[in-house]
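K.L.:
Our numbering applies: residue 1 is where the sequence shown begins, and numbers increase by one.
Derived from the structure by calculation, the hints contain no laboratory data. Keep in mind that the hints are not guaranteed to be accurate.
[To be verified] Cut-off 27 Å, straight-line C-alpha distance, at most; resulting in silico cross-link-like pairs (DSS-like, lysine-lysine): (1) K107 - K172; (2) K117 - K107; (3) K36 - K107; (4) K2 - K96.
[To be verified] Beta-carbon label-pair distances, calculated as ranges: (5) G158 - P237: 23 to 31 Å; (6) T162 - F4: 24 to 32 Å; (7) R7 - E154: 33 to 41 Å.
Don't be surprised by glycine CBs; every beta carbon is placed ideally from N, CA and C.
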Amino acid sequence: MKSFGLRNQRGSCWVNAALQAVFRIPDLQQRFQDGKHDTTNPVEVCLHTIWSSSGAMGLKDFYACVNTTLMPAGEGIGDSHELLEFLCDKVPMLDKLFRFSVENRLKCDNCPYTDGKRETMIEFPIVPSQPKESVASAIVSAAQPHAIPDWSCEKCKGKGCTKQFLLAGFPKILTFHVTSLRSTVTYSSILSLNKVEYALFAVVCYDGGHWWTYGRDMPPGKSWVTYNDAHVHSHGPQQFPMADTMRLLMYYRLT
1 MKSFGLRNQR GSCWVNAALQ AVFRIPDLQQ RFQDGKHDTT NPVEVCLHTI
51 WSSSGAMGLK DFYACVNTTL MPAGEGIGDS HELLEFLCDK VPMLDKLFRF
101 SVENRLKCDN CPYTDGKRET MIEFPIVPSQ PKESVASAIV SAAQPHAIPD
151 WSCEKCKGKG CTKQFLLAGF PKILTFHVTS LRSTVTYSSI LSLNKVEYAL
201 FAVVCYDGGH WWTYGRDMPP GKSWVTYNDA HVHSHGPQQF PMADTMRLLM
251 YYRLT
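Turn these sequences into a full structure, and let the hints guide you.
P.N.:
Right, dumping it as structure tokens:
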């Protein structure tokens, strides 16, 4: 699949980084190749124009679609994470690929009462408990039951419960968001969760003032490429992009 750079307009590196990650999605590539994009959706039309013109056209129109106080596209620095959420909100095809269910489950310590509430999200937030914690370890830590001693049971009126956060589904694209600039995680090119296998295809990085992306096309084995605004550099398939500045990891489901 073609690789191309995107010009930086007044701090639009965060836009470019998010777009380059999204453009690595096989389903989106195929959709654009087949001309099946939604021509009534202005955001998807802009994405298709940028992709089909190799970045020569469409960026200014995309800025106009995105630009808000919180996301000053084409006017200043923003957040690639927030732009990804915006794209999923505006493009149903992307939302379907990214969105998954989680369950927050409560169990009373004093009686059989349990309660489970489901919600959906497009990113799995990671808050590492220690430096260089692995993604797999962070997932296990997030799913560990923890006690809430001040909770009151509506059934038995007793105090105390155990709360647990559980993945209730496995999306086509599983994205991890490191929520703190001071936190670092380690990660691998292949991730297995309950016998479901994922391959890493995009790493979005932020160093405090600039955003860029490492990406590769699927299936696994393709070359890793640095997408740094207009600068594009291929590293080959063996040079795995491990970066402490990583903020978003995007994995594609293989099984």
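K.L.:
Hints first: check each against the structure and report whether it holds.
P.N.:
To see whether the hints hold, each was checked on the structure:
1. K107 - K172: Roughly 31 Å between the alpha carbons, so the hint for K107 and K172 is violated.
2. K117 - K107: With a Cα-Cα distance of about 12 Å, the restraint between K117 and K107 holds, given a limit of 27 Å.
3. K36 - K107: violated, 47 Å
4. K2 - K96: Distance of about 25 Å is within 27 Å: holds.
5. G158 - P237: 23 to 31 Å: violated, 57 Å
6. T162 - F4: 24 to 32 Å: This hint is violated: roughly 51 Å between Cβ atoms.
7. R7 - E154: 33 to 41 Å: Violated: the Cβ-Cβ distance is about 58 Å, outside 33 to 41 Å.
In the structure shown, a violation is registered for the earlier hints numbered 1, 3, 5, 6 and 7, in ascending order.
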